[in-house]
Amino acid sequence: MVDTNWGEQGLCRTADPDDLFVEGTAQNRAKSLCGGCGVRTECLAYALDQRIEHGIWGGMTERERRALLRRRPTVTSWRRLLASARAEHDRTHATVAALRAS
Numbered sequence: 053m054v055d056t057n058w059g060e061q062g063l064c065r066t067a068d069p070d071d072l073f074v075e076g077t078a079q080n081r082a083k084s085l086c087g088g089c090g091v092r093t094e095c096l097a098y099a100l101d102q103r104i105e106h107g108i109w110g111g112m113t114e115r116e117r118r119a120l121l122r123r124r125p126t127v128t129s130w131r132r133l134l135a136s137a138r139a140e141h142d143r144t145h146a147t148v149a150a151l152r153a154s
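Each number in this note's numbering comes from the position in the sequence shown (counting from 1) with 52 added on.
Just so you know, the hints here were simulated from the structure itself, not pulled from any lab data.
Pair ranges (Cβ atoms, derived):
1) HIS106 to THR128: 19 to 25 Å
2) ALA153 to THR126: 35 to 41 Å
3) ARG152 to ARG118: 38 to 44 Å
4) ALA135 to GLU105: 21 to 27 Å
5) ALA137 to GLN61: 17 to 23 Å
6) ALA153 to ARG122: 38 to 44 Å
7) PRO69 to ARG122: 26 to 32 Å
8) ALA149 to HIS106: 38 to 44 Å
9) SER154 to THR56: 37 to 43 Å
10) ARG118 to ASP142: 24 to 30 Å
Don't be surprised by glycine CBs; every beta carbon is placed ideally from N, CA and C.
Model the full assembly from the supplied sequences, consistent with the hints where possible.
And the structure:
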């Protein structure tokens with residue numbers, strides 16, 4: 053079973069779904085909605101793990117997701133990979149902030 057509770061927290065939950073499944077330059081507007089979203093990583097991981105082919109997910113177009121999947125064909129769980137990367141990023145930023153404060 054796939055956890056999708058994060059979707060209730062997405063900035064796009066109040067957007068018109070037609071605005072997220074667009075083509076061409078309209079994709080840039082749709083991607084901008086993802087910029088400040090607190091569940092962007094979860095959304096992207098879901099789209100990559102489920103091989104969703106259409107729409108903007110986690111700030112990436114279908115073309116960008118396909119390219120990422122081709123570059124990293126051995127990834128078996130994008131959810132785990134992206135969660136680990138985010139945790140490492142948070143640890144690094146906490147360390148840098150602590151060093152600056154001292």
